[in-house]
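Protein chains in written order, with my numbering: chain C, 206 to 457; chain S, 616 to 868.
By construction, these hints were calculated from the structure, which means they are not laboratory data.
Even glycine gets a Cβ: it sits at the ideal position worked out from N, Cα and C.
Do not take every clue at face value.
[Unchecked claim] Not everything, but these chain C residues come out facing chain S in the computed CB check (under 7 Å):
#, residue
1, Gln355
2, Glu357
3, Ala358
4, Gly363
5, Leu364
6, Pro366
7, Thr369
8, Leu375
[To be verified] Cβ-Cβ distance ranges computed for the label pairs, FRET-style:
#, chain 1, residue 1, chain 2, residue 2, range
9, S, His809, C, Leu367, 32 to 42 Å
10, S, Asp693, C, Gly354, 38 to 48 Å
11, C, His353, S, Thr680, 19 to 29 Å
12, S, His640, C, Pro384, 43 to 53 Å
13, C, Val261, S, His819, 54 to 64 Å
14, S, Ser682, C, Met279, 27 to 37 Å
15, S, Ala744, C, Glu448, 33 to 43 Å
16, S, Arg731, C, Glu448, 55 to 65 Å
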Amino acid sequence: MNWSKQNPGWTMFAAMLGLLAFLWGLAIPLSAAPDPIGPAAQQFAEGARITVWLTVVSGIIGIVLGVLAGIGRMSSIAPLRWLCAFYVWIFRGTPLLLQILFVWLAAPQFLPDALQPSDFACAIIALSLNIGAYNTECVRAGILAVPHGQIEAARALGLSPLQTFIDIMLPQSMRVALPALANNLASLVKDSSLAYAISVVELTMVGYRVQAESYQPIPVFLTVALIYLILTTAFTTLTSALETQLDVGRKR
Amino acid sequence: MSQVKPTARTIIAARDVDKHFGAFHALKKVSATFREGEVTAIIGPSGSGKSTFLRTLNRLEAHDTGSIVIDGIELNDDLKNLDAIRREVGMVFQSFNLFSHLSILKNITLAPMRVRKMSAADAEAKALALLDRVGLKAHAHKYPVQLSGGQQQRVAIARALAMDPKVLLFDEPTSALDPEMVNEVLAVMRELAHTGITMLVVTHEMGFAREVADRVIFFDHGTILEDSTPQDFFNNPAHERAKSFLTQVRHGF
Chain C
206 MNWSKQNPGW
216 TMFAAMLGLL
226 AFLWGLAIPL
236 SAAPDPIGPA
246 AQQFAEGARI
256 TVWLTVVSGI
266 IGIVLGVLAG
276 IGRMSSIAPL
286 RWLCAFYVWI
296 FRGTPLLLQI
306 LFVWLAAPQF
316 LPDALQPSDF
326 ACAIIALSLN
336 IGAYNTECVR
346 AGILAVPHGQ
356 IEAARALGLS
366 PLQTFIDIML
376 PQSMRVALPA
386 LANNLASLVK
396 DSSLAYAISV
406 VELTMVGYRV
416 QAESYQPIPV
426 FLTVALIYLI
436 LTTAFTTLTS
446 ALETQLDVGR
456 KR
Chain S
616 MSQVKPTART
626 IIAARDVDKH
636 FGAFHALKKV
646 SATFREGEVT
656 AIIGPSGSGK
666 STFLRTLNRL
676 EAHDTGSIVI
686 DGIELNDDLK
696 NLDAIRREVG
706 MVFQSFNLFS
716 HLSILKNITL
726 APMRVRKMSA
736 ADAEAKALAL
746 LDRVGLKAHA
756 HKYPVQLSGG
766 QQQRVAIARA
776 LAMDPKVLLF
786 DEPTSALDPE
796 MVNEVLAVMR
806 ELAHTGITML
816 VVTHEMGFAR
826 EVADRVIFFD
836 HGTILEDSTP
846 QDFFNNPAHE
856 RAKSFLTQVR
866 HGF
């Protein structure tokens, strides 16, 4: 832990490398495991890859949405403020499973055939919108935490409102928002399992299928749980190292 | 004292400046002109409008009515004028307001690079020269929290100077400092006063006002009650209010 605090850059690199190696090599140790895990090793590895894809893609889109809507909530334009508040209200106030089902079942009704999203894309859309709503509040809290005096100082130095935002407010608000955003990302690793409801073959779905064939739920679900734990550990190591990296100027 | 030439031109002209905060009448038709190179100490009790007046001069507070002309440019809602004025008017705050996520060096180079479009190398060379001038060159790569209050305020002065302002506004620059740090900041300001830059200093440091300023303005209840030389103001203040203020301040030390 101390080492990772002192070398945040290396820790991030190691966590990322470890995650990639884990995803690529997962099938090898698993295939050596006894029945029912061994024969399904490739399936587990594929499921873990899909889970990570769901997390990373909707995590990134969710950050962008969160920053945009977070800024929107602080806007001086009232309708924009209302729109962003409405977005948060809807997506925090309804179950994620309902949102996933809604996107999956509603999209075919109002999109032309050529634009029909895949099951995977439906899951990405719903997960991104959901985590984006939670991120919005984190970003807003971060923006509110930037000391007003620093904004005045930037304006007094002749920086434009946009420059003040990009150079002063955004980096500082992200530093404040990061622990909460990291927390949301860790939840997303697990929330992505709800995509099984729309037949996306991610890790939980793989576990469900394997135990249905083998009638051995205990080893199968323990394996799935272990893979989730390794994934969340990799993600939280990554984000806490990033936090340390960005924490310059606050440590003495 | 900086010896302003009698022929020096006017750089700030405020006329009938009025400002309300809700029902509170903060500035009541305040008029004053300041000449290039003049060092003015602005003093007065809390809530008298002295800081508000200073903050209207770079539009951190917008005045309600009246006019403010700085270096020939009218300060109004026109953003072009505002940008032009803010490039010429630097400000040093009571609470330093350094950018906490940037190193000392970057705090100083940011505005010259963004606003003056200076190259990184030029901006850094300039920042290091300014840090040398305020005695903090060795701290260039530290972060604001690693410095004492007095050091942070000296950095803030260097940051303002990096824009080569014609006018420097100081809003109670030593009020947030521990007593033993006040002098290091005043020493930098004293040195600056001799360089010919126009300085407006809202302060409670009567010693500084008396020694360094060319002119003392005394604010009370949103108006300028006295506007005179330090000698006249400190030896024979014209108004009762100024007399009692000076008595109270002296008893404080």
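Q. Measuring from beta carbon to beta carbon, are C:Val261 and S:His819 in 54 to 64 Å?
A. holds (56 Å)
**Q.** Cβ distance range 32 to 42 Å for S:His809 and C:Leu367, holds or violated
**A.** Roughly 38 Å apart at Cβ, these two residues keep to the hinted range, so it holds.
Q) Should the hint that C:Thr369 touches chain S count as held when the rule is a Cβ pair under 7 Å? A) With Cβ-Cβ at 10 Å, over 7 Å, it is violated.
Q: Take the C-beta atom of S:Asp693 and the C-beta atom of C:Gly354, compute their distance, and say whether it sits inside 38 to 48 Å.
A: violated (26 Å)
Q) Given a hinted range of 19 to 29 Å, is it respected by the beta-carbon distance of C:His353 and S:Thr680? A) Taking Cβ atoms as reference, C:His353 and S:Thr680 lie about 26 Å apart, which means the hint holds.
Q. Is the hint on C:Gln355 kept, meaning its closest Cβ partner in chain S is under 7 Å away?
A. The hint holds - C:Gln355 has a Cβ within 7 Å of chain S, the shortest such distance being about 5 Å.
Q: Identify whether the interface hint at C:Pro366 stands, where standing means a beta carbon of chain S within less than 7 Å of its own.
A: It is violated, given that the least Cβ distance between C:Pro366 and chain S is near 9 Å, above 7 Å.
Q | CB-CB spacing for C:Glu448 and S:Ala744 relative to the 33 to 43 Å hint | A | Holds - the Cβ-Cβ distance for S:Ala744 and C:Glu448, about 35 Å, lies within 33 to 43 Å.
Q) Can the hint on C:Ala358 be confirmed by a CB-to-CB distance to chain S that is less than 7 Å? A) holds (4 Å)
Q: Under 7 Å, Cβ to Cβ, is where C:Glu357 needs to be relative to chain S, so tell me if that hint holds or is violated.
A: It holds, given that the least Cβ distance between C:Glu357 and chain S is near 6 Å, below 7 Å.
**Q.** Interface hint compliance - C:Leu375 to chain S, C-beta minimum distance less than 7 Å
**A.** violated (10 Å)
Q) Against chain S, is C:Leu364 within 7 Å by beta-carbon distance? A) This hint holds: C:Leu364 lies near chain S, its Cβ roughly 6 Å from the closest one there, short of 7 Å.
Of the numbered hints stated above, those contradicted by the structure are hints 6, 7, 8, 10 and 16, listed in ascending order.
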